[in-house]
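K.L.:
Listed here are the chains, written in short residue letters.
Number of protein chains: 2
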Amino acid sequence: MSTQLPHPTLVAPANPAHALRLAARTATHTSPTAGYAPGHIQANLLVLPSAYANDFRLLCLRNPVPCPLLAISASTGSATSVTPNHLFSTPFDIRTDIPRYNIYNAGKLVESSITDLKSHWTNDHVAFLIGCSFSFEGALEAAGLPPRHVVKKCNVSMYKTTLPLCPAGVFTDGTFVVSMRPYKKEDVERVRDITRPFREMHGEPIAWGWEGAKRLGIEDVSKPDFGDAVEVRDGEVPVFWGCGVTPQAVVMAAGDKIKGNVLAHEPGHMMILDVREEEWFGRTAKREGRL
Amino acid sequence: MSTQLPHPTLVAPANPAHALRLAARTATHTSPTAGYAPGHIQANLLVLPSAYANDFRLLCLRNPVPCPLLAISASTGSATSVTPNHLFSTPFDIRTDIPRYNIYNAGKLVESSITDLKSHWTNDHVAFLIGCSFSFEGALEAAGLPPRHVVKKCNVSMYKTTLPLCPAGVFTDGTFVVSMRPYKKEDVERVRDITRPFREMHGEPIAWGWEGAKRLGIEDVSKPDFGDAVEVRDGEVPVFWGCGVTPQAVVMAAGDKIKGNVLAHEPGHMMILDVREEEWFGRTAKREGRL
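Those sequence lines, one after another, are chains A and B. Okay, so the first sequence: first residue is 1 according to this note's numbering, each after it adds one. Okay, so the second sequence: first residue is 1 according to this note's numbering, each after it adds one.
Next comes chain A alone, as it looks inside the complex:
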């Protein structure tokens, strides 16, 4: 009888989130993550040279609707450990576990859709995980209000807006990026109610209706800046949420004030966390008891 332990890669993943991360790590899963590992919290990524980490952390804390901060590298250069440490119960690696990544330099997108960050990550990089609206799509589906991009199995529509962020340090010129889901006018209040509790996943919408689109400076909802276009049918209106692609727009707006490479996920291609909605809300409720 053999007492040899199985090879690590042969051990069954502990949960669907871990399974998806391993599939992304081996470039087996390279598509958007909406609808995958239902019930698990998904996260946006931004990775900055350490010199900008404090300013970016402050930017998140001042703009929690587009940039709800979930976790930061436990130390400068760490891609496998974040604080707080309750988001993952199995191993993860920020450099490999997201299906696709973007690289920015001096405010310009210089590489896109790459499947790992192995050759870009340095000991001076600090990673930020930011809440994602995919986390509340299960609740919308459960209420009979599935987002159209989930039904169509495409990426969510995302738009740059003219709505300014509150500046923080070097990040003075950022504007909101928003995601959009079309809903019937009469369903908007229910959609607001359902997504409101998901505070650290952008929470309730920031604007809705054609007037709302105009106020955000979005001229044509059929032409998203990121992701795929979805139809807005007769009787429906566009509903807009804060979006975790905002940090990438902020980095572009900062231009050559940022020295060194900035690393990010490709919009729609998320880090999937081990933590599940129900655990997250239990913990948040406990923390908020202290304000």
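Simulated from the structure, these hints should not be mistaken for lab results. Be careful, since some hints might not be right.
One copy or any two copies: either way a pair holds, since identical chains are not told apart in the list.
Unchecked claim - The calculated lysine-lysine pairs, modelled on DSS-like cross-linking and capped at a C-alpha distance of 30 Å, are: (1) Lys259 <-> Lys184; (2) Lys259 <-> Lys185; (3) Lys184 <-> Lys257; (4) Lys118 <-> Lys152; (5) Lys214 <-> Lys108; (6) Lys185 <-> Lys257; (7) Lys257 <-> Lys108; (8) Lys223 <-> Lys184.
Keeping the supplied structure of chain A fixed, place chain B upon it in accordance with the hints.
P.N.:
Chain B in isolation, oriented as in the chain A frame:
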């Protein structure tokens, strides 16, 4: 030898914050509080019928720059106890300890400049204390950059803007209110640096310069919506911070969606807390270690 205890009102106040609250309670101090009890944190007030408390709490958490939430009534109807409980080390009463108050009904200012809330407070009211930029004026003075309204001993200039808040529940139509201090163009970066750490007192400015004023929808800085006008001299630019009068603008925008009286401080007339800057920052740093 008498063993009789002194009458409570004859006991010397424990600190300048407590002294100012007692002076406000007896309507001895009825003027703006900028420059008083230096080193102590000052707070804005909003008091709502309990039905709207959850939505308003969420509005603060989604808009922490104009509405940095410091504390809430420990229970519905409580005017003498808040959570968290470290803001006061001596007794306080939200109904009496602010120099002047405003009353709103159905979105309209119905009474102003009254010196207590005794006849307006009900067992159904919930109080919110919100950070105030007066708290960082000591740091500006210490750096040789005293705000002009402190030098002139008048109230700070405050303006309604067109910059929308992130909606929360019933509060869908609010916009930022900002305070303004003029500074020389070349001092703006230093002013940003000095006020940045005061995150729960509005932190660094949200806009500056004449272009910044325009972006906020402020057409004439010599005509503030609240407080007093101060001169912007040649070579100076207006610098704008989030302002804790924002909740009053939000309540006005909500109009008759809010049933019952809403109670607030009169702009510039603050609740002065026992907690001092250095204690506050020690506690915040500790809490932020946990994100």
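K.L.:
Now, for every hint given, state plainly whether the structure supports it.
P.N.:
Hints, one by one, checked against the model:
| no. | hint | result |
| --- | --- | --- |
| 1 | Lys259 <-> Lys184 | between (45 Å within a copy, 29 Å between copies) |
| 2 | Lys259 <-> Lys185 | between (45 Å within a copy, 26 Å between copies) |
| 3 | Lys184 <-> Lys257 | between (43 Å within a copy, 23 Å between copies) |
| 4 | Lys118 <-> Lys152 | neither (33 Å within a copy, 59 Å between copies) |
| 5 | Lys214 <-> Lys108 | both (27 Å within a copy, 28 Å between copies) |
| 6 | Lys185 <-> Lys257 | between (43 Å within a copy, 20 Å between copies) |
| 7 | Lys257 <-> Lys108 | within (12 Å within a copy, 46 Å between copies) |
| 8 | Lys223 <-> Lys184 | within (20 Å within a copy, 43 Å between copies) |
Hint compliance for this structure: hint 4 is the single one not met.
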